[in-house]
Amino acid sequence: MRSVGIVGIGHTKFGKSRVSYTDMACEAALQALKDAGVTPLPGHGIDQVLLATMGASMINHQSGAASAIVDTLNLRPAMAETVENGPASGASAIKLGYSMIASGLADTVLVIGAEMMRKVSGWEGTDFVATMLHPEAEYPYGMTLPALAGMFTRLIMGKYGLTSKDLALLSVKNHSNAMHNPCAHIRMVPDLEAITADEDIETVNPLVADPLRLYDVCPVSDGAAAVLLCAMDVADRFEKKAIRVAGIGQATDTHAVAEREVPTDLLAVRMAAQRAYEMSGLLPTDIDVAELHDAFLILEIVESEEVGFFKRGEGHLALREGKTQIGGEIPINTSGGLKAKGHPLGATGVSQTVEIVRQLRGEAEGRQVEGARNGLVVNFGGFGNNVVALILSKDA
Amino acid sequence: MRETMSETMPAADAKCAAPPMYAFRCEACGEIHYPRHYVCKTCGSQDFDEVVLDGACLLETWTRVFNLPEGYMKPSLCFGMVRFPNGLVVAGQLDVEEPRIGMELQTSVGVIKEGIGQDNYGFIFIENNMKE
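Listed in order, the protein sequences are those of chains A and B.
Residue numbering for the first sequence is 313 to 708, as defined by my numbering.
Residue numbering for the second sequence is 47 to 178, as defined by my numbering.
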């Protein structure tokens with residue numbers, strides 16, 4: 313099997329986009345091509361384009377969007393497909409691109425993740441995201457992802473002693489990291505006192521899904537990110553040194569969250585990470601920086617345990633001790649995470665990967681983890697029913 | 047074959063004339079599933095009985111959500127996961143003033159979303175007023 317690396321990255325400013333869906337996706341793609349030194353003219357050498365999106369069809373009324381983007385980018389006759397795996401679409405598309413190169417079907421694959429969610433009202437957007445819940449046991453009840461996260465958080469609080477103050481502390485950490493990321497959606501740091509003070513909390517930090525409050529959940533964002541994958545045996549065609557995709561793991565769990573044997577576990581995260589570690593030959597202690605899927609802050613805590621950084625029930629203790637901040641034992645979500653950088657669903661896994669590539673190249677200005685050699689991405693689909701983990705390595 | 051899951055439990059409070067909710071019991075090994083699976087989680091059999099899912103249950107966790115999807119004309123909705131005496135855990139709406147983990151609830155079936163021409167029915171867990 314051929315080794316695969318990343319030689320180009322692109323990332324739009326997340327937030328509310330003023331351009332069309334296609335324009336936004338193309339902006340990220342062109343950045344990635346430029347970063348790799350590729351000119352989109354005949355002979356460009358791009359064999360395949362994969363577009364990761366959850367809602368281009370439903371929200372933007374644009375089906376077969378990958379075909380439109382290939383043409384707009386002048387990358388014909390490259391092969392093109394759209395990949396949909398909920399919020400894990402991005403890392404899934406990277407996995408599929410990896411597989412194509414490893415198998416010999418392609419030498420180069422451009423993966424673009426793009427989502428434009430701010431086109432519709434909050435009600436419509438909430439309904440769109442909720443369509444990934446179980447179609448009989450969850451969705452018809454009006455349940456949403458925040459509803460599942462709220463119930464999950466209450467269980468974790470009861471079992472391990474995590475508090476609302478811990479979540480607020482985590483919110484401040486990730487927002488602080490986002491201050492150094494020009495692509496982040498929200499570049500402001502909430503005041504810890506203000507978002508936890510009892511007397512005015514319902515105004516400053518209202519409940520979204522009890523016990524989760526506004527500053528415990530990610531914003532709704534538009535955005536796009538792109539990576540150019542290539543076979544390591546052709547990587548010298550490109551301007552940037554390749555960052556190797558060292559490990560990939562994926563696992564699924566029950567679709568209905570209530571069916572899980574241990575309701576406080578994220579089994580698919582654990583299994584996906586274990587598979588990625590096995591493939592890479594690395595251990596959790598070898599990871600220098602991680603982007604974990606913190607659509608709800610509780611997920612960063614529990615994922616940090618499931619991927620082996622901390623013992624079960626001790627993720628929040630590590631946070632309190634500063635182990636997950638930049639300069640700590642294992643910095644998590646240096647980009648600001650989904651919490652502050654934003655979470656355009658289909659773009660997220662690609663965006664997380666872009667951040668790890670920046671870290672391993674030493675290009676994460678203002679938020680650089682010194683000497684980072686190996687990085688982990690966890691991209692979480694549904695409420696943990698389909699999870700993809702990637703390990704990237706600076707070492708060839 | 048249909049039977050009630052909790053024959054020793056008090057019958058559900060008749061909140062409305064709603065269709066019953068069913069769990070699915072594997073005919074081969076007896077494993078009870080909710081929601082429906084086409085293949086038994088335990089033994090791989092594909093034959094199931096329907097079992098009415100009703101009676102008392104215990105609240106495992108809950109939330110109140112303030113940003114609802116399109117089609118719910120309410121400022122907030124409460125949701126919970128409950129455990130039935132046989133160990134089955136299911137999620138549904140919660141119509142309880144002050145939810146507490148571990149409290150005993152009663153299963154009812156009611157309108158969980160109003161529709162044009164056809165309402166959607168499902169679990170609404172309510173306070174157990176029949177308790178001694």
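Simulated from the structure, these hints should not be mistaken for lab results.
Computed from a prediction, not measured in an experiment: that's the story for all the values here.
Treat the hints loosely; a few may be bogus.
[What the hints assert, rightly or not] Keeping only pairs whose Cα atoms sit at most 30 Å apart, straight-line, the calculated BS3-like set for lysine-lysine is: (1) A:K328 / B:K120; (2) B:K120 / B:K87; (3) A:K325 / A:K623; (4) A:K553 / B:K120; (5) B:K87 / A:K431; (6) A:K552 / A:K325; (7) A:K706 / A:K477; (8) A:K635 / A:K706; (9) B:K159 / A:K431; (10) A:K328 / A:K346; (11) A:K346 / A:K325; (12) A:K623 / A:K635.
Hint check results:
1. A:K328 / B:K120: 27 Å, holds
2. B:K120 / B:K87: Judged against 30 Å, a Cα distance of about 37 Å means the pair is violated.
3. A:K325 / A:K623: 35 Å, violated
4. A:K553 / B:K120: 55 Å, violated
5. B:K87 / A:K431: Violated, at about 41 Å.
6. A:K552 / A:K325: Holds, at about 22 Å.
7. A:K706 / A:K477: 36 Å, violated
8. A:K635 / A:K706: Distance of about 23 Å is within 30 Å: holds.
9. B:K159 / A:K431: 25 Å, holds
10. A:K328 / A:K346: The given pair, whose Cα atoms are some 24 Å apart, holds under the 30 Å limit.
11. A:K346 / A:K325: Since the Cα atoms of K346 (chain A) and K325 (chain A) sit roughly 17 Å apart, the hinted pair holds (cutoff 30 Å).
12. A:K623 / A:K635: 13 Å, holds
Checked against the numbered hints above, the structure breaks hints 2, 3, 4, 5 and 7 and satisfies the rest.
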